[in-house]
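Asks: Sequence:
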Amino acid sequence: MSDTTTTAAPAVPPARPASVPPSASSSFLGALEIDVRFLGMVGALAVIWVVFDFLADGTFLTPRNLWNLSVQTSSIAVMSTGMVLVIVMRHIDLSVGSILGVTGMIMAVFQVNHLLPAFGFNHPAVIVLTLAAGILAGALIGALHGFVIAYLGVPAFIVTLGGLLVWRGAAWAIAEGKTIPLVDDNFKLLGGGANGSIGATWSWVVCVVACLAILAATVQARRQRQRFHFPLKPLWAEAFTIVAGCLAVVCATLVVNAYTLPAALARRYAEAAGIEVPPEGLAISFGFAVPVLVALAVGIAMTFLTTRTRFGRYVFAIGGNPEAAELAGINTKRVTLMVFALMGALAAIGAAISTARLNSATNAQGTLDELYVIAAAVIGGTSLAGGAGTVAGAMLGAVVMQSLQSGMVLMRVDTPYQNIVVGVVLVFAVWIDTMYRKRFK
Numbered sequence: 000m001s002d003t004t005t006t007a008a009p010a011v012p013p014a015r016p017a018s019v020p021p022s023a024s025s026s027f028l029g030a031l032e033i034d035v036r037f038l039g040m041v042g043a044l045a046v047i048w049v050v051f052d053f054l055a056d057g058t059f060l061t062p063r064n065l066w067n068l069s070v071q072t073s074s075i076a077v078m079s080t081g082m083v084l085v086i087v088m089r090h091i092d093l094s095v096g097s098i099l100g101v102t103g104m105i106m107a108v109f110q111v112n113h114l115l116p117a118f119g120f121n122h123p124a125v126i127v128l129t130l131a132a133g134i135l136a137g138a139l140i141g142a143l144h145g146f147v148i149a150y151l152g153v154p155a156f157i158v159t160l161g162g163l164l165v166w167r168g169a170a171w172a173i174a175e176g177k178t179i180p181l182v183d184d185n186f187k188l189l190g191g192g193a194n195g196s197i198g199a200t201w202s203w204v205v206c207v208v209a210c211l212a213i214l215a216a217t218v219q220a221r222r223q224r225q226r227f228h229f230p231l232k233p234l235w236a237e238a239f240t241i242v243a244g245c246l247a248v249v250c251a252t253l254v255v256n257a258y259t260l261p262a263a264l265a266r267r268y269a270e271a272a273g274i275e276v277p278p279e280g281l282a283i284s285f286g287f288a289v290p291v292l293v294a295l296a297v298g299i300a301m302t303f304l305t306t307r308t309r310f311g312r313y314v315f316a317i318g319g320n321p322e323a324a325e326l327a328g329i330n331t332k333r334v335t336l337m338v339f340a341l342m343g344a345l346a347a348i349g350a351a352i353s354t355a356r357l358n359s360a361t362n363a364q365g366t367l368d369e370l371y372v373i374a375a376a377v378i379g380g381t382s383l384a385g386g387a388g389t390v391a392g393a394m395l396g397a398v399v400m401q402s403l404q405s406g407m408v409l410m411r412v413d414t415p416y417q418n419i420v421v422g423v424v425l426v427f428a429v430w431i432d433t434m435y436r437k438r439f440k
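The opening position of the sequence shown corresponds to residue 0 in numbering that gives the first Met the number 0, with each subsequent residue numbered one higher.
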């Protein structure tokens, strides 16, 4: 009788009940589900701030400079959210700076020549109609670019390069090279400044609302995962995300509230409000600036658009594989037109912020902004190969770009050398993206 060898069957793990979703990765970063590139950018930003604070003799990490940095970043941050979609679809828009310039001039001329004579100074309708006219003009310009690109087949690089020249010339032609000053006080609030801030009390209200929103968003995301039986993050990771987000909001609120009005402005404010000035003077906080809140609102809206709507899914599908997206029934031409129209509208919002901050519109406004917007999107992780990018990353990239410029200004670096640094950073960011895609594709 021959011997027989019996091989034991491999152990099969018991099936997980459908009511218990599998847990996420047990590693720290895996459990938190943090993008490594986003985390690296946060670290790079921290290093930039510390280095510039050291080189600028402690003047960078001050409430005043950080507050000004947030205001200066707002316009670029708004436009970078739209550039994410453009680059995700494997296009480029070199005309955003010129669109900012021409729409800013349109808003200023329309306000001064038509709205103020019709409604008078500081009428609420003035700011509403000014913004409506600017956003409509920007959307139409972007739609024209999108039509030529999508339906006439002209490459986006050529169309927007032509737009850079055409709309810069149009900005000059509208007012024949003149600077148009703004006189509506409500519109000026969009630029920040002493009057364009919400103060300490309302800043804490915004802080509380933001923390509640972070908590609600985290809970909702977990419920959605449970509903569709997706892997769940560990409870400690959820708690860490909530605490980290709320801590960041609280720290930002403390910083903006630490920046107070100069003594002369505080005294003038007290006299206008009938407040008695104590011997030691008044400490009136600026709080969050209006343009910063506008930029954050745009960022939240664009994040929702890209991650929670059919339009956003179409954009990323086209960027990932245009041919497959078209075969799947997506109207790629219409989506392209809509993306460029949206980019034009966002450039107009950026123009409103920039024009209000300068209290005037000039034909040179927005020059080289296209460089900063594209750099912000690329530094923020948007792949030039298409199909990948986040709005939050682009906005953080805008902060990085503005931090570099602000730090060099504090160090009294001449503008040509600032442009050299920005160019080097842009090339380095594209190289990092190339290396990342080769490693993880």
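Everything labelled a hint here was simulated from the structure, so no lab data went into it.
Some hints could be false.
Straight line, CA to CA, 25 Å or less: simulated SDA-like cross-link-like pairs of lysine to any residue [claimed, not checked]: (1) Lys-177 - Phe-109; (2) Lys-177 - Ala-212; (3) Lys-177 - Leu-367; (4) Lys-332 - Thr-306.
Taking CB as the label site, the calculated pair distances span [to be verified]: (5) Gly-176 - Gly-152: 34 to 44 Å; (6) Leu-164 - Ala-257: 42 to 52 Å; (7) Ala-296 - Ala-45: 18 to 28 Å; (8) Glu-325 - Val-182: 47 to 57 Å; (9) Ala-124 - Arg-226: 30 to 40 Å; (10) Glu-175 - Gln-219: 46 to 56 Å; (11) Ala-296 - Arg-222: 20 to 30 Å; (12) Ala-117 - Gly-57: 46 to 56 Å; (13) Leu-164 - Val-420: 32 to 42 Å; (14) Phe-239 - Leu-164: 46 to 56 Å; (15) Val-182 - Ile-241: 22 to 32 Å; (16) Gly-198 - Glu-325: 31 to 41 Å; (17) Phe-118 - Glu-322: 44 to 54 Å.
The structure presented is a predicted model; accordingly, all values stated were derived computationally and were not measured.
All residues carry an ideal CB built from backbone N, CA and C; glycine is no exception.
Asks: Now tell me, hint by hint, if it's right for this structure.
Replies: Hint-by-hint comparison with the structure:
no.	hint	in the structure
1	Lys-177 - Phe-109	holds, 14 Å
2	Lys-177 - Ala-212	violated, 45 Å
3	Lys-177 - Leu-367	holds, 20 Å
4	Lys-332 - Thr-306	holds, 21 Å
5	Gly-176 - Gly-152: 34 to 44 Å	holds, 35 Å
6	Leu-164 - Ala-257: 42 to 52 Å	holds, 44 Å
7	Ala-296 - Ala-45: 18 to 28 Å	holds, 26 Å
8	Glu-325 - Val-182: 47 to 57 Å	holds, 50 Å
9	Ala-124 - Arg-226: 30 to 40 Å	violated, 45 Å
10	Glu-175 - Gln-219: 46 to 56 Å	holds, 53 Å
11	Ala-296 - Arg-222: 20 to 30 Å	holds, 25 Å
12	Ala-117 - Gly-57: 46 to 56 Å	holds, 51 Å
13	Leu-164 - Val-420: 32 to 42 Å	violated, 26 Å
14	Phe-239 - Leu-164: 46 to 56 Å	holds, 50 Å
15	Val-182 - Ile-241: 22 to 32 Å	violated, 45 Å
16	Gly-198 - Glu-325: 31 to 41 Å	violated, 52 Å
17	Phe-118 - Glu-322: 44 to 54 Å	holds, 52 Å
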